Amino acid sequence: MPTVSFEHINKSYGHMAVLDGLNLQVEDSDFLVLLGPSGCGKTTLLNLLAGLVDVTSGRIMIGDRDVTELDPKDRGLAMVFQSYALYPTKTVRGNLRFGLAARKLDSAEIERRIAWASNLLQLDPLLNRKPAHLSGGQRQRVAIGRALVKHADVLLFDEPLSNLDAKLRTEMRLEIKKLHDELKPTIVYVTHDQIEAMTMATKIAVMNGGEIQQFGSPDEVYERPRNLFVAGFIGSPQMNLNAGVFSRSTGRPIAALSSGIQVDLSGYAFDRTPQDGEEIIVGFRPEHFSPPNGTVSEPAATFDLKVKIIERTGSDTILSLAYEDRLLAVRTEPDRASALHPGDAVSVAYPKNKLNVFAAGSGLRL
Amino acid sequence: MTDPLAVRPAIRVSAGAQEKPVIFPRRKPRINGRSIAILVFLAMAAAFYCIPLYVLVVTSFKTMEQIRQGAIFALPTEWTWEPWNFAWNEACSGITCEGLKIGFWNSVKILIPSLVASISLSAVTGYALALWNVKWAGTFLFVLFMAAFVPFQIIMFPLIQLTVHLGIYGSLWAVAFIHTVMTMPIVTLIFRNYYKDIPDELIKAAMIDSGSFWRIFGEIILPMSANILIVVLIMQITHIWNDYLIGVTFGGPGGQPMTVNLANLVTVSTGTVSYNANMAAALLTAIPPLVIYFVLGKFFVQGISAGAIKG
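Top to bottom, those sequences are chains A and B.
The UniProt record's numbering puts the first residue of the first sequence at 1, with every later residue one more than the last.
The UniProt record's numbering puts the first residue of the second sequence at 1, with every later residue one more than the last.
These are computed hints drawn from the structure, not numbers from a lab.
Take the hints with a grain of salt, since some may be wrong.
Computed list of lysine-lysine pairs in DSSO-like fashion (alpha-carbon distance at most 30 Å, straight line) [unchecked claim]:
#1 Lys177(A) <-> Lys196(B)
#2 Lys130(A) <-> Lys196(B)
#3 Lys204(B) <-> Lys104(A)
#4 Lys178(A) <-> Lys196(B)
Computed from a predicted model, the values in this text were never measured in an experiment.
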């Protein structure tokens with residue numbers, strides 16, 4: 001399966017630039033997720049790759065083929081859409097067949113491929129039905145089948161699970177991941193759902209404002225967000241981002257938060273060591289805090305705060321602690337929080353090795 | 001107990017009814033001044049259309065003797081098909097006396113090619129304008145829109161010259177050609193608006209699957225067009241069949257559609273006026289569009305309510 005690369009892609013509608021000099025390289029058999037809020041350009045990028053929209057300038061390569069000027073059907077890819085986009089007047093079999101017949105495959109080969117896909121996706125009982133008589137999950141399986149039968153080198157997914165209910169979405173997520181593990185196609189998958197991105201991707205490209213904010217494995221993006229946008233976008237509840245000032249006056253690097261709490265930054269691997277007195281932002285992931293009134297082995301800071309809100313999700317409990325005029329989110333195990341009530345004072349510690357520090361000015365990771 | 005007033009506050013419930021748990025009391029049909037006024041108006045409107053139609057039908061079955069006695073509302077004393085036979089086979093139009101059947105077949109010969117040509121060309125043009133990137137599509141649409149509202153009378157003379165140059169003036173082909181050209185703008189707009197509502201992603205899927213203009217049209221788009229095809233079919237059949245001006249202008253002596261044939265038959269006849277035959281001829285001319293309405297009318301309503309004609 002081939003690599004996909006975008007080289008200096010510009011795309012503008014009139015005077016509005018949607019993508020500006022974008023570069024991106026998808027490796028062989030990668031599962032790339034384009035993740036970002038609405039309007040970040042991720043769907044545009046996918047449409048450019050599919051050939052449904054023309055680039056303003058730049059080059060798109062699939063393997064060693066320059067596909068920039070090719071028609072969608074000649075690019076050797078298949079696509080699954082959010083609305084499924086099944087042909088309403090055709091049966092499931094007709095839907096699977098249409099793209100194959102257009103490629104002038106002989107009928108024995110077409111039948112063989114339809115049988116293969118319907119077996120893989122359990123479509124056999126549905127083959128003679130029209131899309132109107134299928135449930136949402138069944139339609140999505142047919143849409144995936146229609147993409148798979150083409151044996152395309154590159155599979156594109158445009159928010160394919162957004163229209164499904166939560167339970168079905170979890171199931172389909174697993175199915176798509178399984179398909180990728182079995183068939184190893186190169187996949188480009190667009191979503192705004194970070195759970196989908198984290199669970200399925202081998203690579204995530206976080207996009208915002210037409211630019212790629214960070215490109216890396218899910219772990220990299222999660223553990224070492226490259227800037228404040230990525231830090232805030234990935235993770236639920238969101239990372240706590242607290243402003244402070246960098247200082248070395250006591251001999252070791254610390255961040256003096258606006259609330260007066262001092263965060264010990266010794267041992268933090270700075271990409272760039274900040275100036276003394278530089279304004280920085282320190283990020284604390286809610287799940288890395290110690291249990292309420294517990295400790296961690298190497299605390300960077302300890303917060304003594306009052307509980308404001310307790311949200312019990314069953315598997316976790318989210319504590320919102322009153323911190324200055326905002327809330328500090330802390331995720332903890334339900335058992336450790338069962339005795340807590342709003343208004344209680346708790347102490348939570350944060351470990352040194354889980355800190356994220358950003359420059360307040362540029363928003364870049366330090 | 002459910003308080004019926006809370007459920008249907010618009011309904012007044014008597015004290016007796018209130019004691020029983022009646023949740024949805026049926027509204028009693030009441031006759032008041034307003035509903036009588038509506039009924040009277042509707043009856044008058046119905047009579048306005050039905051009385052002439054009644055006279056038309058009964059007269060067409062009367063003998064001339066009975067007609068000469070007056071009493072136009074009376075039923076025929078003796079029902080006869082003779083006027084119908086005369087109108088269809090023998091009535092004179094100008095110097096030929098072969099009845100309306102000549103005009104009927106002329107109209108059929110005009111209708112079929114103009115239907116096929118106008119609908120197929122408009123459907124494909126509408127499809128291209130709605131779903132493909134066509135250069136100058138916006139300008140083209142604007143011109144179409146303007147063209148749809150140009151009165152025929154204004155461009156009649158240039159069109160006559162055009163058909164003369166094409167060598168078809170004074171034939172059925174000229175009439176069919178002009179019908180096709182004149183109805184194409186509006187029919188194209190109707191198709192274009194219908195196809196514009198097809199979901200974007202469906203077309204994208206088809207582009208990736210096939211990418212062929214004709215294959216997508218034939219296999220995906222056309223099968224989705226049944227509703228709008230019925231609407232356009234009814235529109236076109238009634239419009240073309242009922243046309244008089246284009247037929248009389250471009251048909252010449254050999255290419256008269258049924259409406260022109262009818263007009264000649266009624267106005268040009270000498271001697272006594274055969275009212276019964278004239279009425280029968282008028283009914284014969286009106287029947288084909290009526291049949292189309294009755295057969296396809298159900299689909300027509302479906303097609304319109306499917307969001308077919310709008311914008």
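Please name the hints from earlier in the document that this structure breaks, with their numbers sorted from lowest to highest. 1 and 4
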